[in-house]
Every structure is written in C-alpha cells, then in structure tokens.
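Chains as they are written, first to last, in this note's numbering: chain W, 2 to 207; chain R, 2 to 207.
There may be inaccurate statements among the hints.
Copies of the same chain look alike in the list, so a pair counts if it fits in one copy or across any two.
What the hints assert, rightly or not - Within a straight-line C-alpha distance of at most 25 Å, the following computed DMTMM-like cross-link-like pairs (lysine to aspartate or glutamate) qualify:
1) 134 x 88
2) 168 x 152
3) 57 x 47
4) 51 x 10
5) 51 x 152
6) 25 x 15
7) 25 x 88
8) 18 x 139
9) 57 x 136
10) 36 x 69
11) 25 x 127
12) 36 x 47
13) 41 x 15
14) 160 x 139
15) 41 x 67
16) 24 x 67
17) 41 x 201
18) 168 x 139
19) 57 x 186
20) 161 x 38
Treat the hints as calculated values from the structure; they're not laboratory data.
Number of protein chains: 2
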Amino acid sequence: MQFSSGLLENAVNEFAKLPGIGKKTALRLVLHLLKTEQDKVEHFGEAIVKMRQEIKFCQKCFNVSDTDLCSICSNPLRKQQLICVVENLRDVIAIESTQQFSGTYHILGGIISPLDGIGPDQLNIEALVQRIKNDQPDEVIFALNPNIQGDTTIYYIQKKLQSLPVKVTTIARGIAFGGELEYADEMTLARSITNRLPVENYVNNR
Amino acid sequence: MQFSSGLLENAVNEFAKLPGIGKKTALRLVLHLLKTEQDKVEHFGEAIVKMRQEIKFCQKCFNVSDTDLCSICSNPLRKQQLICVVENLRDVIAIESTQQFSGTYHILGGIISPLDGIGPDQLNIEALVQRIKNDQPDEVIFALNPNIQGDTTIYYIQKKLQSLPVKVTTIARGIAFGGELEYADEMTLARSITNRLPVENYVNNR
C-alpha cells in the first residue's frame with residue numbers, strides 16, 4: 002500500500018499491529034478517525050494510553066481494577082466465602098453477565114499447558130493457595146474451559162488443596178441448552194450420563 | 002457487559018465507537034493492549050492523535066499530506082498535465098497500487114448524491130475547475146465508481162469543463178478480468194459491446 006503521508010502510514014501501521022486487523026481495515030479505521038473531530042480523537046488516544054498506564058490488578062483476585070482491591074473483592078454484598086477460579090478476565094465478564102454468581106473470583110492468568118510452555122509457576126496458583134489458607138473460604142468453584150489443559154489445571158490445584166478444609170467443585174459439564182443429543186461429542190454425552198441429575202434438581206434449577 | 006474497572010470500560014467504549022467494531026471485538030483489542038508493553042501502547046496512542054492533529058490536505062489535489070503540497074503533486078517525475086479525478090483517498094491508494102498511473106490526482110471528497118444530501122458545493126469541484134483553468138492540463142480522467150451517482154458527477158463536471166481546452170476521459174468499463182460473460186449484468190455487458198476495442202489495442206495493452 003502506497004501512502005502520500007507518513008503520518009497516515011504510521012497510524013495505519015499502528016492499527017494493523019492489533020490482532021485481527023489487517024492493512025485494509027486499519028486504513029478504514031484511520032480514515033474514520035480523520036473525519037472525526039479532533040478532540041474526540043484525542044479522547045480516544047488518551048483513554049487507551051491512560052488505561053495501560055494506570056490500570057492495576059486486584060491484589061486479591063488479579064482482576065483488573067482501578068484500585069488496589071477490585072470492585073468485586075471490596076463489595077460487602079459479594080460472598081467472600083465462595084471463590085470462583087477462572088482462566089482470565091473474559092471469563093469473569095461472561096460469568097458476571099449471567100448475574101447468577103454472587104461470590105468472588107480468582108484469575109489464574111492462563112491454564113497449565115506444557116506445549117505452550119506454561120507451567121504452574123507462571124500462573125497465580127500459589128497466591129490462590131495462600132488466599133485459601135488465609136481466608137478459609139467454604140467453597141472453591143473451578144470454572145475453566147472443559148479441555149485437557151483445563152482438567153490438568155484443576156487436577157494440579159486440587160492436589161494442592163487436598164489438605165485444606167475447603168469444598169472443591171467444578172461447573173457442570175453436559176449438553177448445552179438448545180443443543181441436540183445426536184450432534185454432541187461422545188465425551189460430553191458420556192459425562193452427562195455419568196453425572197446425571199435427579200429430575201427434581203433439574204426442575205428446581207430451571 | 003460488566004467491568005470491574007472504569008479505565009477498562011472507557012477504553013472498550015472508545016474502541017467500540019469505531020466502525021465495524023462491536024463491544025466484544027473492542028474488549029479483545031483492549032485486552033491485547035493491556036498485555037502489550039507500555040511504551041508501545043503510548044506509541045499507538047501518539048501516532049493516532051498526532052496524525053489527526055498534524056495531517057494536512059494538499060492545497061492542489063486535496064490528498065492527505067504532511068506538507069502543504071502532497072508528495073505526488075510535488076514530485077517532478079509525475080505528469081502534471083494529467084489529472085485523475087477520484088472520489089476519495091482510498092481510490093488514490095487503489096490506483097497507486099497498480100503502478101500504472103504517472104499523473105496527478107484530484108480528490109472530490111465524495112460524489113454528487115442528492116439522496117444523501119451531497120450537492121456539488123460540498124465537493125472540491127470548483128477547485129478542480131480553477132486548477133484546470135490555471136494549470137491547463139492536457140487531459141482529465143474520471144475514475145469514479147460506475148453507478149448513477151458517479152455518472153451524474155461526471156456529467157456535471159464535464160458540463161463545466163466544456164468551454165475549456167482539455168480532453169476529458171473516463172476509465173474503461175466492461176467485463177472485469179477473470180469475470181464471466183454469463184454472470185455479467187446487462188448494463189455492463191451492453192456497454193462493453195458498445196465500447197468495443199480493436200483487437201490490436203487489446204493485445205498491445207495486455
């Protein structure tokens with residue numbers, strides 16, 4: 002792509018570094034900003050730089066936060082005795098959107114994946130164990146993606162928690178609502194039969 | 002979407018204002034920037050704000066430029082006697098990518114479209130007429146999108162240029178290379194028959 006302006010080229014190249022944004026999309030976005038009022042573009046730039054400079058990670062759960070303790074950990078209405086362990090921030094946002102969970106979170110920052118070179122030491126696992134020792138919660142719920150790495154991570158952490166007086170659970174796995182049995186993979190279907198529920202539970206939880 | 006950080010929410014909202022970027026994509030981009038080194042994010046923000054603050058429009062052709070006269074208009078190797086009239090900057094980039102055009106451009110900044118409320122006065126048409134009067138180029142080539150608005154714009158400008166000693170042409174319209182006759186629309190096919198070329202022209206231009 003040939004540009005008649007170095008400033009334009011620079012801005013396009015910066016946008017094109019973002020994931021999933023190619024040169025053509027980058028150009029479209031930059032031309033949009035070129036037509037936008039100057040102070041709005043300055044707002045855009047400032048919001049992003051300020052976010053990167055000033056954002057903190059909650060000292061307790063490693064969620065992003067504007068203060069030392071995030072708004073969930075510092076909320077007296079959230080059950081501090083219930084910790085939901087997730088892989089990353091996106092999972093927190095997904096669970097918060099359900100409005101069904103009133104406990105707190107613990108963000109691991111990834112899952113154990115030797116193939117990607119990610120071992121337990123790179124994750125916030127030791128901090129979780131310490132947190133459980135200190136705060137003595139009633140229950141730890143694992144909400145990790147249902148795959149080999151997720152299961153490995155659960156197994157590893159659960160081993161570390163064995164000696165502690167805390168109930169360890171995992172989110173239910175089974176056929177998704179609206180899914181069809183005949184298209185479910187064998188593993189999911191097999192597990193959903195093994196972990197079958199009494200119908201009264203099912204009806205009550207609807 | 003629920004956020005635990007106002008800074009994060011702000012950055013996501015700013016990204017989501019860009020065309021074609023929804024909340025989920027915005028979050029993905031912001032989380033990417035959160036993992037990026039701080040000075041790189043600062044570069045990103047600066048490049049965009051600087052572009053918007055400092056970019057100029059060429060006084061001659063209305064192309065974006067770092068200086069008063071763009072790099073194409075000030076290039077002595079480009080034929081100043083040949084002006085290609087285009088709708089916008091994207092068209093300049095598309096034509097420049099072909100490396101087949103060695104003249105200069107004139108960017109209208111849009112096309113006449115009464116339905117969208119765009120009349121001749123909002124476009125750089127008067128400047129084009131003045132430029133042709135002053136510089137007396139040999140030829141003006143219209144490279145506008147082949148639709149009703151494009152044709153209207155060509156007709157309008159051509160009327161204004163009638164009294165001036167300049168050759169006025171338009172880019173060829175016909176069946177695109179690699180296209181198939183049976184799927185071409187009737188208008189294109191009909192025009193391509195009316196405007197048929199001698200085979201020696203075709204062979205020489207390959």
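Each hint, compared with the structure:
no.: 1; hint: 134 x 88; result: within (21 Å within a copy, 67 Å between copies)
no.: 2; hint: 168 x 152; result: within (17 Å within a copy, 74 Å between copies)
no.: 3; hint: 57 x 47; result: both (17 Å within a copy, 22 Å between copies)
no.: 4; hint: 51 x 10; result: both (24 Å within a copy, 12 Å between copies)
no.: 5; hint: 51 x 152; result: neither (37 Å within a copy, 48 Å between copies)
no.: 6; hint: 25 x 15; result: both (13 Å within a copy, 20 Å between copies)
no.: 7; hint: 25 x 88; result: between (33 Å within a copy, 17 Å between copies)
no.: 8; hint: 18 x 139; result: neither (45 Å within a copy, 43 Å between copies)
no.: 9; hint: 57 x 136; result: within (22 Å within a copy, 60 Å between copies)
no.: 10; hint: 36 x 69; result: between (39 Å within a copy, 19 Å between copies)
no.: 11; hint: 25 x 127; result: neither (44 Å within a copy, 31 Å between copies)
no.: 12; hint: 36 x 47; result: both (18 Å within a copy, 17 Å between copies)
no.: 13; hint: 41 x 15; result: both (18 Å within a copy, 9 Å between copies)
no.: 14; hint: 160 x 139; result: within (17 Å within a copy, 83 Å between copies)
no.: 15; hint: 41 x 67; result: both (23 Å within a copy, 21 Å between copies)
no.: 16; hint: 24 x 67; result: between (33 Å within a copy, 20 Å between copies)
no.: 17; hint: 41 x 201; result: neither (55 Å within a copy, 55 Å between copies)
no.: 18; hint: 168 x 139; result: within (6 Å within a copy, 85 Å between copies)
no.: 19; hint: 57 x 186; result: neither (41 Å within a copy, 58 Å between copies)
no.: 20; hint: 161 x 38; result: neither (55 Å within a copy, 33 Å between copies)
Figure legend: structure checked against the earlier numbered hints; hints not met, in rising order: 5, 8, 11, 17, 19 and 20.
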